[in-house]
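**Q** Listed here are the chains, written in short residue letters.
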Amino acid sequence: MGSERMLSMAEAINEALREEMHRDERVILLGEDIGVLGGIYRVTKGLLEEFGPERVIDTPISEEGFVGAAIGLAVMGFRPVVEIMYADFLANCMNQIVNFAAKMRYMSGGQLKVPLVIRTMMAHGRGHGGDHSQVPIPWFLNVPGLKLVAPSTPYDAKGLLKSAIRDDSPVIYFEPYILYRTRGPVPEGEYTIPLGKADVKREGNDLTVVAISAMVPRALEAAEKLAEEGISVEVIDPRTIVPLDEEAILRAVMKTNRLLIVEYSHKRGGVGAEIAALVVEKAFDYLDAPIMRLASPDVPIPVSPELGKLTIPTAEDIMAAAKKLVLGEV
Amino acid sequence: MVKTIIMPRLDIDMEKGAVIEWRKKEGEEVDEGEVVAVIMSEKVTYEVESPAKGRLARILVEPELEVPIGTPIAILAEEGDRPEEVEEAVRKAEEALRTLRAPEVPEVRRPEAPRPTVPVPEAPKKVRITPVARKLAEQYGLDITKIRGTGPGGRITKADVLKALEALRARLTYREVRLTGIRRLTAEKMAKAWEAPHASLTVQVDMTKAVELKAEVEAEEGFKLPYDAIFIKAVALALKRHPELNATFEEGTIRVHEAVNVCFAVDTSQGLITPVIRDADKKSLAQIGREVRELAEKARLGKLTMEEVRGGTFTITNLGVLGIDQFTPIVNHPQVAILAFGTVADRPVVEEGRLTVKKTAWLTVSFDHRAVDGGPAARFLMTVKELLEDPEPLRGS
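From first to last, the protein sequence lines are chains E and R.
Going by the numbering used here, the final residue of the first sequence carries number 330, and the count climbs one at a time with no gaps.
Going by the numbering used here, the final residue of the second sequence carries number 397, and the count climbs one at a time with no gaps.
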């Protein structure tokens with residue numbers, strides 16, 4: 001990599017959108033407050049000015065309507081990128097996503113395709129309450145036909161979004177609010193990251209931690225501290241939940257014999273449950289301890305910031321779970 | 001505080017134990033950590049130490065009585081414990097023991113359940129073990145019921161299996177020697193040679209004249225002539241007459257060789273090695289003797305060159321020096337035949353109807369039956385015998 005340019009994740013996403021809009025005029029943006037305001041967290045800042053109101057469309061507060069419109073645009077040859085301001089609002093357009101976007105390619109026998117990207121922000125960690133804090137990745141795990149992307153670094157965010165825009169399947173792209181301002185190296189110039197390829201963020205031998213989205217930096221922080229105590233942790237960021245890089249996870253588990261999955265969606269029926277089942281099915285003989293999961297408890301997220309903290313796994317939680325696993329306490 | 005001493009668990013699999021000896025009497029004072037009893041489970045004995053300083057207030061079980069782990073076996077009273085507290089503890093413990101010792105109430109006879117037509121297999125003993133530990137144990141053939149688990153609830157983990165494996169290795173009464181160098185090559189060559197269907201023919205040879213010849217050459221040359229030299233020369237001349245045994249067999253092709261290059265086996269600290277005497281049929285006995293001595297010495301010192309071991313067409317092997325009378329050799333692959341000879345010694349021989357004593361040796365030729373038949377091998381062997389019994393042709397070049 002040439003340059004050591006540092007960008008925030010929000011800036012990296014903005015750059016990916018800008019580059020793809022320059023590269024392909026079929027790429028258009030739709031969403032609430034994305035144009036004049038530039039997004040409530042300024043992720044789409046400057047794009048209206050640069051590409052005009054025909055390609056950066058401020059929509060009414062009508063998720064089902066504009067997602068439906070975007071699906072129609074996609075089927076007709078555009079490559080729309082829709083923003084759903086809060087991931088919680090995906091519930092408002094669930095029918096369009098699940099019954100249309102995900103199904104049309106299959107139900108038309110491949111005659112139609114839906115190259116749609118839905119960007120959305122998971123505000124968990126902000127004290128916005130139960131209906132503005134969810135991390136609803138697992139809602140879509142059970143819907144074939146969708147790809148699910150969840151970056152954890154500015155570099156990955158940019159490369160994955162560009163791949164998502166170029167992909168012919170509908171992709172939901174989950175942005176973690178708590179990492180929007182986290183800066184990281186993003187090189188100048190063109191690059192993409194393929195969907196379905198995990199990244200080993202840290203190598204280790206005693207335990208594999210599969211961390212999702214905003215849990216990745218916390219897992220890395222825990223791994224760093226655990227290393228001082230002689231516990232060697234491998235941290236894997238799947239980056240895309242669907243398609244999932246099974247091989248990377250299985251390979252790591254075969255090496256470390258222990259697995260901890262960290263997400264900040266609710267625990268029940270979560271991504272961790274899916275990965276745990278995968279490992280039991282395909283690498284049972286390599287396990288030396290029960291698989292552990294850390295996730296948000298199965299309660300709606302409270303508004304109180306103090307209570308809210310209890311609903312996101314911390315680096316300390318990860319350290320404690322890791323020690324239990326490695327020291328044979330579970 | 002009144003303390004109850006219980007039957008401890010010595011091992012994860014332990015269910016019961018018995019006190020085999022009480023080291024303290026009832027009422028005796030004991031220090032913390034002092035041994036009060038010796039218990040035994042299976043074949044393991046263990047000393048039970050007092051948990052505190054005090055008085056052994058009551059012994060609850062007699063020696064040799066087997067009780068489950070956790071059963072109270074004694075009551076210890078500390079200084080300041082009130083007698084009623086001690087009594088209460090004794091009463092509770094005895095109560096627990098009574099239920100344990102209660103005679104079994106005969107079961108009410110129920111109508112017999114229909115016999116299963118298929119024998120019900122006994123459920124295997126449940127062992128708590130992680131999947132990777134189980135796999136590892138299977139891989140190394142370890143009995144998981146004998147591995148002590150240190151995980152939660154005694155679950156056997158990978159680390160436990162590795163530890164068991166290490167302990168097992170430490171107890172081994174043999175040492176493992178990795179096959180290297182000559183040993184490895186010998187192993188490979190022998191395995192290859194063993195693919196050949198072997199047949200062996202044996203004959204006794206009168207060595208009287210050969211021994212005389214040996215002495216003569218030694219007197220002339222001033223060095224000890226190895227028996228190997230005599231046999232090499234005899235074999236070389238016989239091979240000229242029976243070339244089908246002067247051959248190698250590889251990949252379905254028999255190569256009958258022009259040159260007679262006779263290998264002889266040398267027993268070295270590094271292993272078996274077979275230097276070669278080239279054109280042995282053309283060399284004098286003394287010359288062969290000198291070469292044998294030189295090559296054997298080099299073999300022992302590990303100084304042979306490739307040239308000195310390559311290209312043999314036949315091999316002789318001699319365990320006579322070690323006192324062996326007779327043995328059956330394996331061919332030196334890819335050669336098709338090998339001659340073994342044993343010790344030259346005085347043996348009873350019948351000659352012209354009379355029992356007499358002569359110096360003889362036993363010769364055995366083994367051959368690869370794919371390449372050679374019994375007839376030619378027998379004729380070859382008889383020629384060797386003739387040459388040894390009438391050895392004048394062996395002397396010169």
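Hints listed in this document are in silico derivations from the structure and should not be mistaken for laboratory results.
Be aware that one or more of the hints could be misleading.
Simulated restraints, written as ranges between beta carbons of each label pair [what the hints assert, rightly or not]: (1) G154(R) - K309(E): 36 to 42 Å; (2) L168(R) - G130(E): 15 to 21 Å; (3) E229(E) - L162(R): 46 to 52 Å; (4) E188(E) - L168(R): 56 to 62 Å; (5) V330(E) - T186(R): 37 to 43 Å.
Quantities reported herein were computed from a predicted structural model and do not represent experimental measurements.
Note that CB positions come from ideal geometry on N, CA and C, so glycine has one too.
**Q** Could you check the hint for me, namely that E188(E) and L168(R) are 56 to 62 Å apart, CB to CB?
**A** Once the Cβ atoms are compared, 60 Å apart, the range 56 to 62 Å for L168(R) and E188(E) holds.
**Q** Using the beta carbons of G154(R) and K309(E), state whether their distance is inside 36 to 42 Å or not.
**A** Since G154(R) and K309(E) have Cβ atoms about 37 Å apart, the given range 36 to 42 Å holds.
**Q** So does L168(R) sit 15 to 21 Å from G130(E), Cβ to Cβ?
**A** 57 Å, violated
**Q** Is it true that V330(E) and T186(R) lie within 37 to 43 Å of each other by Cβ?
**A** Given range 37 to 43 Å: violated, Cβ gap about 53 Å.
**Q** Within 46 to 52 Å or not, the Cβ separation of E229(E) and L162(R)?
**A** For E229(E) and L162(R) the Cβ distance comes to about 21 Å; the hint is violated.
Consistency with the previously given hints fails for numbers 2, 3 and 5, ordered from lowest to highest.
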